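If you read the sequences in order, they're chains A and B.
Here the first sequence is numbered in the UniProt record's numbering, starting from 1 and rising by one per residue.
Here the second sequence is numbered in the UniProt record's numbering, starting from 1 and rising by one per residue.
Simulated from the structure, these hints should not be mistaken for lab results.
Since we're looking at a predicted model, the values are computed, not measured.
In this text, a Cβ means the ideal position worked out from N, Cα and C, and glycines have one as well.
Check each hint, because a few of them may be wrong.
Here are a few chain B residues that face chain A, going by a calculated C-beta distance under 7 Å [claimed, not checked]:
#1 LEU67
#2 LYS77
#3 ARG112
#4 SER299
There are 2 protein chains.
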Amino acid sequence: MIDVAKAAGVGLGTVSRVVNGGAGVREQTASRVRAAIDQLGFQRNEVARALRPGKKSSSLALVLGDLTNPFYATIAKAALEVAGQDGFAVVLGSVDEDPEGEKRAIQELIGRQVAGLMIVPDQGDHSYLAGAGIPVVFVDRPAHGIDADIVTVDNQGGGRLATEHLLGQGHRRIAILLAPSYHTTGRRLRGYRLAHRGAGMEVDESLVVQLPEGTAEAAEKATRELMHRPDPPTGLFASTNFVAEGVLRALREVDSQPAVVGFDDFRMADMLPTPVTVVASDTAELGRIAARLLLDRASGTDDRAPQRIVLPCALIQRGSGERPPT
Amino acid sequence: MIDVAKAAGVGLGTVSRVVNGGAGVREQTASRVRAAIDQLGFQRNEVARALRPGKKSSSLALVLGDLTNPFYATIAKAALEVAGQDGFAVVLGSVDEDPEGEKRAIQELIGRQVAGLMIVPDQGDHSYLAGAGIPVVFVDRPAHGIDADIVTVDNQGGGRLATEHLLGQGHRRIAILLAPSYHTTGRRLRGYRLAHRGAGMEVDESLVVQLPEGTAEAAEKATRELMHRPDPPTGLFASTNFVAEGVLRALREVDSQPAVVGFDDFRMADMLPTPVTVVASDTAELGRIAARLLLDRASGTDDRAPQRIVLPCALIQRGSGERPPT
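So here's chain A without its partners, still in its complex pose:
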């Protein structure tokens, strides 16, 4: 706005008055200021914001995983929309399964003077964020070493729902395929165990499959191995959308068709030869709630103690999860 004042040949206060309605400024002066604003390509609200005292940053930082995973893309899109409504830009950092890279990315973003951080955290200690001096909201997973807002889905409830659904169809050998030990899949596994316990059943630990990585390829390989065992499972619980994809790829080459329930919905799930049953939450809502909370923390309108918001999961029955045991 210094540039605007200089171009218009007026003081900063005059620019401010024009931006805020023009009271007490002669029309000739005001139009000169507006022309300068137009010429310099500044938006009215951008100038207004820059002039507002104590308003240092109007960017949020968002750090999350692989954007080509629709789960993260949906969160990013929702956060952008909510931030945009408040005139905030979003600076993006994307780091996948690399705690050191994540720390570096976050520190660089803090160095860029953002008003708040929204993070889908990797594992590891996030206590270094306590001194960041800006609000932090964790999405999808909690973080360690810091007491901050968390917005997640009910992973345990969803895992239980998926498993109970398979048990309810009469399945007694249900495998669970787990992407690397993030908080989320750990909770989903806990739900799987609770469902078994609720049905008075022991979990066959050989059916709890920890994948080396959360890719479709790893899940495909593991599923092939599972289905070639002498006692293959009759039901499969795929703990993420990418895992579900890998499971379905492997099952194309297998004679017996086990029931499959995925976690998180995905595009085309209803278009596959056997439409895919999933347990899912509202991922866009997850992003919206987190962004709204962060903006309210950043503006100071929300000064409650750190919140823990948990979104429910629902079962979407489409066919693959309703196959009977063979």
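Got chain A sorted already, so can you dock chain B onto it with the hints?
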């Protein structure tokens, strides 16, 4: 870095020397500076960058459409990776089919002092960017009113390839479903016309379907109408991934199964009941090339005249495009 110098009780030059290797600084002083850097949460390269004279911004702005469209998500991911390698953050703006919203978003991003702009432009005049004072690279579509770098795919060649493939299978009534008149789909239509001309055929204009919007829903409705005509097409060219999805949804309820070729590959395309034939380019490469070019422009290492880079398209045959005419 002023904070670092203050905390360590040394001058800026000393901080700079420590950051750059520590030559000529006593070890005791250097360790005090490093402790201050650690304490203040700054990364070594972040401080170094801030100290480098004339280096004002290390953020790029990226403005593109709906992030839940894998096409845009792939570009964003690639741009983030390339920018990250150079220590640049990416500020994201997402505006879909709203030229005014786009202009506002871009001007706000420029006001945030980014080092360069990477834009998947909407229609309309972008001459206002000529005075932005920062390099601009357009991705996927050219812009009007400004002479700047453009990185696109060979839309016309791809459209021709898709249509020639259908003609080669003996199809004579091939419909094309076009998302709203963006540059890209216009070029794909031109390719469709050229393929017909090359085969010595007239285009039946009633088979050139302009969709009111680029959604799967709009494409589904239009396909249903097409297939219920007395003389339905035997081949369909879907001009985008979302259009292809809508086409396939509509065809689930239709007896005759026309051949289908899509433009841009999509996840699960090979998993559908009839795997989907597409014409596709390397979308990640599109994003990488654009980001690299923008960084080189921003750093001044590339001062050539504006470039126009066009990536080729290839046909991926999977089944849906190889159905014979009925």
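A quick look at each hint next to the structure:
no. : hint   : verdict
1   : LEU67  : holds (4 Å)
2   : LYS77  : holds (4 Å)
3   : ARG112 : holds (6 Å)
4   : SER299 : violated (18 Å)
This entry does not satisfy hint 4, going by the numbered hints stated previously; all others are met.
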